[in-house]
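A.B. asks: Given next are the chains, with one letter for each unit.
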Amino acid sequence: MTAPTSAHLVARGLTKDFGTTRALHQIDFEARPGRFVCLLGPSGCGKTTLLRLIAGIAEPTAGEIALNGRRIDAVPPERRNFGMVFQTYALFPHMSVRRNVGFGLDMRRIERAEARRRVDAALALVGLGHLAERLPRQLSGGQQQRVALARAIVIEPDLLLFDEPLSNLDARLRDDLREDLRALQRKLGITSVYVTHDQAEAMAMADEIVVMRNGRIVERGAPADLYRHPATRFTADFLGLTNVLRLPVRGGTAPLPWGGTRPVPGAPDGEAAVAIRPEDLPLAAADDGPATIETAVFLGAAIHYTFRCAGASYRAIAPGGLRAVLAPGTKVRPEAPAALHRLADDAPAPAAPAPEAADVL
Amino acid sequence: MTDLRHAAETAPSMPTAPARGAPRSHHARSQRLIAGTLYGYFALTLVAPLVVIVLWAFYDPAVGWFPPRILPASLSTSAWREVMADRNILPSAILSLVVASVVTTLTATLAFPTAWAMARFSFRARRAVEVFVLAPMIVPGIVVAVSLGEIFFVTGLAGTVAGVVLVQVVGTLPLMIRILAATLEGIPEELVLAARTLGAPYRTAVIRIALPLAWPGFAAGGLLSFIGSFEEFEKSFMVGAPAVQPLAVRLWSYLGGDILVLPTAAVVTLILLVPMIVVFILTERITREDVMAAGLGKL
Amino acid sequence: MFSETRPPFWLLALLLFPGVGYLLATFGLPLVRVVWGSFRSAGSLRSGTVSTFTLDNWARVLGDPVFLDGLMFSLWLGIAPTVASLIVALPLAALLQANETGQRAARTLYRLPLVVPGIIAGFMILVIFDRGGMASRLATPLGLSLPRLVRDDWGLGAIMASMWKTIPFMTLIISGAMAAISTDILAAARTLGASRATVLWRIQIPLAQPGITAAVLLSFIGSLGSFVIPSLLGPAYPLPLSVHMFEEGFQRGNWNLVYAMGTMLSVMSIAVLFAYYALIGSFTRRATRGRGD
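Residue numbers (the numbering used here), protein chains in the order written: chain A, 1 to 361; chain B, 362 to 660; chain C, 661 to 953.
Since the hints were made in silico from the structure, they are not lab data. We put the beta carbon where it would ideally sit given N, CA and C, even for glycine. Check each hint, because a few of them may be wrong.
Claimed, not checked - One side of the interface only, derived from the structure: several residues of chain A facing chain B at Cβ under 8 Å:
{"hint": "1", "residue": "D269"}
{"hint": "2", "residue": "A272"}
{"hint": "3", "residue": "L299"}
{"hint": "4", "residue": "G300"}
Stated by the list, open to error - Computed far set for chain C versus chain B, every beta-carbon distance over 12 Å:
{"hint": "5", "residue": "L689"}
{"hint": "6", "residue": "T714"}
{"hint": "7", "residue": "P725"}
{"hint": "8", "residue": "D729"}
{"hint": "9", "residue": "W736"}
{"hint": "10", "residue": "T800"}
{"hint": "11", "residue": "L816"}
{"hint": "12", "residue": "I881"}
{"hint": "13", "residue": "L939"}
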């Protein structure tokens with residue numbers, strides 16, 4: 001397969017109303033050539049709606065979409081040349097795998113021998129060449145999704161759109177397919193937009209994560225950046241476990257509940273919300289420790305603790321394996337990172353119960 | 362540090378919008394086309410005939426309405442008065458409603474046990490029963506009506522309301538069985554089992570759990586039976602005429618070719634429009650497309 | 661789906677009895693009588709003649725040009741409105757799939773003809789398309805002259821009246837079948853480059869197939885045996901078998917002949933059913949053939 005030219009997608013001011021409900025508010029979105037962008041958020045945040053607007057199967061109430069500088073609003077979905085992979089696979093049940101994959105080429109009137117070559121190549125890329133004559137119902141979920149992928153890439157699309165494609169698969173299969181999918185995208189270099197509610201998936205696959213909530217974009221950035229330096233509490237909560245502490249800042253430093261102070265870069269004097277990841281809180285058993293272990297759960301590769309200190313509970317995650325588990329009641333001394341990360345926006349996730357200092361996902 | 366604000370300042374500028382007046386998206390264009398087609402279809406097949414019928418209902422016998430006049434020269438309510446005075450129309454309409462109700466009830470009662478057996482059990486003769494139940498839908502109704510009419514004549518059921526009801530049920534029963542069987546098949550086995558583990562005998566479980574859940578099937582099948590009975594002609598004519606005349610049969614006598622009775626038929630049509638509108642609003646509310654497709658959609 | 665248990669025989673018989681028993685008595689028995697009676701001559705208690713086995717009825721039905729023409733005409737009046745209605749119903753059902761507000765109203769409106777008795781449909785066509793009807797009155801000032809559409813040799817008026825009722829009926833069934841197709845599949849087809857028309861032809865029609873078949877068959881059988889519309893709007897000759905059946909039965913009392921005609925119609929229905937299944941098999945194969953082969 002020839003490498004397609006990478007497409008640059010830009011959307012501006014996209015708004016979508018369903019009757020009186022506004023699903024998307026003035027979204028500005030960009031997917032740069034060759035990049036793998038994840039739209040991440042809880043259900044109802046509008047990520048699937050946004051994807052459908054890009055695909056052209058839903059119409060925006062307002063806003064514009066352009067591909068490589070040209071407006072595509074007036075272009076019907078069948079002419080946008082985007083490959084789309086669905087959560088339900090959406091394979092045509094009355095067609096064999098070969099005919100499914102060849103359907104897009106059929107629509108483009110590709111000559112028969114050439115089409116056959118391309119279908120075989122696409123099936124080989126996803127490792128299903130031997131199943132070409134089967135019907136979808138004779139395939140497992142993972143196989144069906146690979147066929148759907150082959151079908152989307154064989155047309156050499158400008159853009160690949162994924163609507164939670166791995167949600168219907170079981171965990172082990174999901175991990176395998178996730179890796180294959182990302183490797184394939186890297187190899188082909190097709191700009192991709194991937195919708196998911198699974199933060200681990202987004203972290204593992206994305207070049208850039210766009211976090212959405214209630215029809216708006218909350219933040220965007222590279223996975224590691226978003227994880228380590230989330231601007232909002234929502235993002236911090238969504239991308240893994242976190243502790244949110246409210247600390248008084250004086251002259252750029254704040255005192256920790258268990259003793260000691262740490263700098264808080266960029267924080268003015270006054271109260272600041274600070275996020276500390278549980279894995280950044282190593283616990284050392286100490287008879288004079290200010291904190292006490294509340295619960296300890298051995299999860300194999302990690303040990304999840306909660307500990308109490310100065311009347312509040314916090315989470316900590318320690319490596320597991322052969323290491324001993326600290327029993328509840330043990331006194332410990334927590335160790336905080338060298339600098340504390342300040343959250344610019346303290347608003348908690350909407351449906352969350354009134355949080356204490358330690359938060360749960 | 363990630364930037365909270367949207368990338369508005371850094372995004373490349375948008376190319377200019379399409380020309381004013383052109384639909385701003387393919388969706389708007391195709392929506393207009395679809396709406397236009399649908400409304401055109403309805404205008405042609407529903408509105409236009411309705412207008413013509415309304416005009417005929419106000420036909421003035423003193424002046425007449427002959428070609429090439431497109432609109433009548435004068436209107437009169439004489440046809441309405443005639444219809445109101447006609448002693449036969451109202452009884453016929455009421456008879457049709459009564460017969461339709463009885464037919465629907467009888468059909469539902471007869472259909473449910475059979476549909477239950479077909480949906481919930483596997484037995485060797487199941488396919489044979491399926492085909493046999495399908496058969497009255499395949500064989501033209503007139504064939505059966507002819508023979509049944511003769512049997513009824515001999516047994517004294519000809520020309521009676523009971524006879525008309527019995528012959529109409531032959532037409533409505535297969536469909537009701539199929540729709541109910543399809544609906545019942547969709548009720549998970551676990552629900553009846555759960556009821557039984559909680560102490561309900563089989564019969565109670567069926568009546569209190571499965572029956573209410575089969576409501577969409579009853580609604581769809583019942584409505585189709587009611588409508589089918591109301592507008593049925595051939596069987597009712599064969600068995601009922603001339604003593605028992607449901608509305609469809611009564612209307613037949615008005616349309617035996619005499620053009621002057623057109624106004625009467627027009628008036629009756631308009632009067633019938635009220636129950637028709639009621640019925641088809643009900644069909645929209647109560648029936649579900651998947652239920653009807655399940656019963657009608659496979660042979 | 662359904663229970664694996666084999667029910668006790670008495671329970672099964674009890675459950676099946678109301679429905680199956682009723683149909684045996686009111687359909688099975690009369691049907692047997694019809695077929696049987698077609699091979700018998702008319703006995704009469706009055707004149708003392710006994711009913712005997714005879715092929716005369718069949719000789720007449722199959723040999724008499726009046727009845728042969730009637731049979732052909734019956735088939736025509738069954739097939740023509742069915743085919744024409746299918747051509748309208750398929751795109752109509754597809755158009756009604758979307759859930760935009762305009763289409764929701766349309767979904768109710770199109771069903772209106774279903775509750776209208778066939779006789780009124782016939783009346784409508786009469787009023788509009790008969791000589792001197794509204795259509796010709798509208799056409800004359802435009803300088804057009806309409807062909808004869810009521811009581812014409814091809815039964816066009818009867819076909820139109822039949823279509824008026826058949827289109828909503830078919831649309832109802834086909835729409836239900838199409839609604840069962842996942843919207844993701846339709847969206848996938850469109851993103852792969854299929855226009856709405858291609859989606860209808862290559863995806864919706866093949867996947868709605870059992871429903872389309874059922875719609876076609878039920879419509880055909882309904883139109884085949886229809887009496888009131890052809891007698892109101894059809895030509896004086898040929899008359900469809902259904903009308904012959906009425907006349908021979910009620911006016912001349914030749915019930916055995918009527919039975920032969922009835923059997924003939926039934927055989928026709930079943931034959932068309934088989935022919936249709938054969939046709940559908942090859943159609944589905946062609947529609948799914950792609951260039952990837």
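A.B. asks: For each hint, tell me whether it holds in the structure or not.
C.D. replies: These are the hints, each one checked on the structure:
no.	hint	verdict
1	D269	violated (20 Å)
2	A272	violated (15 Å)
3	L299	violated (30 Å)
4	G300	violated (32 Å)
5	L689	violated (8 Å)
6	T714	holds (18 Å)
7	P725	holds (22 Å)
8	D729	holds (18 Å)
9	W736	holds (15 Å)
10	T800	violated (5 Å)
11	L816	holds (16 Å)
12	I881	violated (6 Å)
13	L939	holds (14 Å)
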